[in-house]
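Engineer: Protein chains in written order, with this note's numbering: chain A, 5 to 271; chain B, 50 to 227.
If you are wondering where the hints come from, they were derived from the structure by calculation, not from laboratory data.
Errors might be hidden in some of the hints.
Here are the simulated DSS-like cross-link-like pairs (lysine-lysine), alpha carbons at most 25 Å apart as the crow flies [what the hints assert, rightly or not]: (1) A:50 x B:220; (2) B:222 x A:50; (3) B:147 x B:208; (4) A:50 x B:208; (5) B:147 x A:50.
Just some of the chain B residues that point at chain A, by a computed CB distance under 8 Å [said to hold, decoys possible]: (6) 111; (7) 137; (8) 199; (9) 203.
All C-beta atoms, glycine included, are put in the ideal place defined by N, C-alpha and C.
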Amino acid sequence: VNVYETYRITLCILAVGMAIFSLEQVVARRQFQPGGLSSWDVLSLKRPPKALPWLNRALAPLCDYPGVERLLWLRLASVALILFAGGIPFVFGPAIFIALLTTSVLLYRNSYGTDGSDQMGLIVLVVATVYAGSGFMNSVGVLGLWFICLQVTLAYAAAGISKLFSETWRGGSAMFLIMNTGTYGTRMLAQCLRRSVALQVVSAWGVMGFETLFPLTLLASPPFLYTFLVIAFAFHLGCSLFMGLNSFLWAFASAYPAVLFCYASLH
Amino acid sequence: MRYGPLELVILALYIVWFLLSVANQFQRASRSRLAPFLSVLLVPRWTFFAPNPGHSDYFLEYRDHTEDLFSTPWQRVSVLEERTLLGAIWNPNRRQSKLLFDVTQSLQVSALAMEDPEGICVSIPYLLVMNYLDSLPVEPPCTIRQFRVVESYGFFPYKEEHLILRSKGLKLKGVSQG
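Construct all of the structure, not just a fragment, from the sequences and the given hints.
Structural biologist: This is the structure:
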């Protein structure tokens with residue numbers, strides 16, 4: 005399996021997600037404007053890291069409005085290069101680096117409203133930047149793919165094991181409680197879950213089972229691996245449809261080529 | 050595969066990063082003094098609604114006063130929308146609803162954690178809310194705005210919604226007259 009191509013596929017999946025979210029933020033630019041809920045006028049008051057006391061002032065041209073919108077367009081440009089010129093290494097490398105820089109500044113700026121998909125996206129970008137920075141050395145690329153594979157495995161396993169310790173999850177009511185909220189749920193699904201305790205238990209244990217057992221994919225037979233990846237993708241698709249968490253679909257799916265690469269290396 | 054010095058350094062960094070990531074999954078590490086450093090070092094904490102799933106919505110509400118204490122009814126700032134098929138791909142509202150959720154939840158955490166109740170007035174989430182509300186139109190002759198955060202229990206409430214926090218009345222400075 006070609007390391008460079010694996011990174012290209014990984015970053016193309018991530019780039020589609022990044023393009024969608026950058027455009028979503030451009031559309032919702034009101035939040036960044038001076039009276040918005042994510043105004044830099046207020047966010048710049050947060051304490052910068054001790055070692056970088058000048059950071060907020062230095063980033064002001066990129067974080068205030070309209071600087072942040074320009075930053076989003078710059079990220080979109082880097083994403084377009086990843087998608088359409090990923091086959092050219094001297095374009096691919098700088099595009100990844102710009103995507104990483106713009107994403108990092110946006111995440112530093114937006115202290116509120118970020119989630120696990122941003123974390124996964126940033127990890128993939130850092131690892132890809134290291135690979136590009138090494139001059140696309142195969143050995144460095146392989147280390148990075150293993151790291152992405154282990155992070156996504158840890159993500160599912162940690163979430164699954166943590167749920168096993170929760171009475172709310174073991175009893176099944178967690179699914180109803182989440183789906184019952186306007187922020188993360190859907191009225192129709194909440195209604196179905198409310199009517200059926202069995203559905204609550206089955207769905208909660210289904211999520212816990214899939215997440216906890218995910219690490220076994222690396223050791224299992226190919227059908228088991230593919231089944232689990234399809235389940236994982238369907239899980240995120242369901243979260244997009246019923247919970248509005250569309251960014252997780254792209255961020256986590258971008259890690260699956262690394263899982264397939266590592267699986268192929270192991271077997 | 051034989052590794053040179055560069056690969057060994059990168060391997061060591063990935064191992065340390067991964068071990069820190071594993072450690073950060075435990076509550077003790079994620080709540081320790083190291084937690085801020087871990088987030089700066091891009092050490093993730095993967096929870097996915099575990100162990101305690103979010104089970105409520107936080108709503109921001111505001112009302113306006115005149116100097117002689119006439120007040121308008123509470124108005125809810127709502128960014129929640131019905132889910133659609135398209136929303137699985139294109140959902141510009143998501144970041145805003147998550148932003149409002151995080152800010153209002155942070156207000157709740159700050160309100161519980163601060164010994165001095167006045168301290169919350171200079172916290173970032175409080176200032177974000179005031180800055181946002183200050184930009185919304187106001188009915189003349191009102192000049193003072195007050196907000197509150199209400200915790201509500203979903204489509205099929207199993208508990209009464211309750212008040213988390215109520216701000217003092219704040220004189221509006223830059224409001225547009227609606």
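Engineer: Work down the list of hints and note, for each, if the structure agrees.
Structural biologist: Hints, one by one, checked against the model:
{"no.": "1", "hint": "A:50 x B:220", "in the structure": "holds (24 Å)"}
{"no.": "2", "hint": "B:222 x A:50", "in the structure": "holds (22 Å)"}
{"no.": "3", "hint": "B:147 x B:208", "in the structure": "holds (23 Å)"}
{"no.": "4", "hint": "A:50 x B:208", "in the structure": "violated (35 Å)"}
{"no.": "5", "hint": "B:147 x A:50", "in the structure": "holds (19 Å)"}
{"no.": "6", "hint": "111", "in the structure": "violated (13 Å)"}
{"no.": "7", "hint": "137", "in the structure": "holds (4 Å)"}
{"no.": "8", "hint": "199", "in the structure": "violated (12 Å)"}
{"no.": "9", "hint": "203", "in the structure": "holds (4 Å)"}
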